[in-house]
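> Sequence:
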Amino acid sequence: MPKDELTFHKVASPAPKAGLAGVWSAPQVVLDSGGNLAVWAEQGLAQPLANRARQFPWLVLHGGPGGSLGASHVAPIRYAGLPWFGFDQRNSGLSEDLDLSVIDLQRFVDDALEVADRLNIPKFHILGGSWGGTLALAIAAYRPEQVASVVLRAPFLPMRPRVDAFFELLERLAPDYFAEHFGPGARTDFVCECFEVATPEHLLELSVAWNKLETALLTGKAGGFDSKRPFLSDVQELALVRKYRLQAHFLRHDCFLSPQDLLSLFSKISQSPWPMSIIQGMNDRVCPPGGSKLLSEIVVRSSLIELPGTGHLPDSAEMIKAISQEVSRHHLLV
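Numbers 1 to 334, taken from my numbering, label the letters of the sequence shown in order.
Keep in mind the hints are simulated off the structure, nothing from the lab.
One should not assume that every hint holds.
Here are the simulated DSSO-like pairs of lysine-lysine, each with C-alpha atoms no more than 30 Å apart in a straight line [stated by the list, open to error]: (1) Lys268 x Lys228; (2) Lys268 x Lys293; (3) Lys123 x Lys321; (4) Lys123 x Lys268; (5) Lys293 x Lys123; (6) Lys293 x Lys221; (7) Lys321 x Lys221.
Go ahead and model the full structure; you've got the sequences and the hints to work with.
So this is what it looks like as structure tokens:
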């Protein structure tokens, strides 16, 4: 689709959700790119390029894989009053599903760059959290000349021992419940293989189990691990299965970054000139602080901001404030 065919749909938004992170509503843009991508943009990005303020906007990347963009992800940018854009990644949120065989890291990188291109944004900052941090690094390494700066929240580093350790933590929360669904001692390969061979009914059971365990790890509230399935609407069931099928697909393939690819990515990032900040909750059990520490040692020009008493989620007041301070600082640097 040519750039001038972008459509800004005037659709009835669902009831907006308000809170610390602000309000979230329907996407302003549906971009046809071999499957529809749901795109959001604020602070004048829907205007022609010549009419915009002379400042680079922020590309905001959600986590997962399989999450979706929401108010908590963009709250620090909104708080700072800066322009931003973002999208739901393939097979996530309001974007269209494609067959998993055509989805990999490069596809996600290409999607991000195409969204920027179709919005006429030649250069941008990046804010990415968790898996969105992995994607941010991949985009920045692939197109360093288009990147103004990078801010990462608890970046996920797709190293197999770290992912195996994640599943070990899930098992420790509820050994019997974990064994019932994945088998005792199951780690990345086996857990993810289950999603490749499961029946639709079994897929839902696996997704519910993974979600229960991961939520307990995120919140620190263990309990309720029984075989009784929670009541879910058809929409909620589909969302869980989509999320964890996609997540299993990426984790099984190490996010499509071999150890050599990851070393190459680190090398390119370390040689790039733009500033980078890494913000890490010290109580984060999903993406533990060691990953951010390692990345800060590899990229010596980076700034590491550690938040005591803060976990993984992006919506705490401490996390929003810290990210907002860093994006504002980077905006003034460039």
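> Of the hints stated earlier, which fail here?
1
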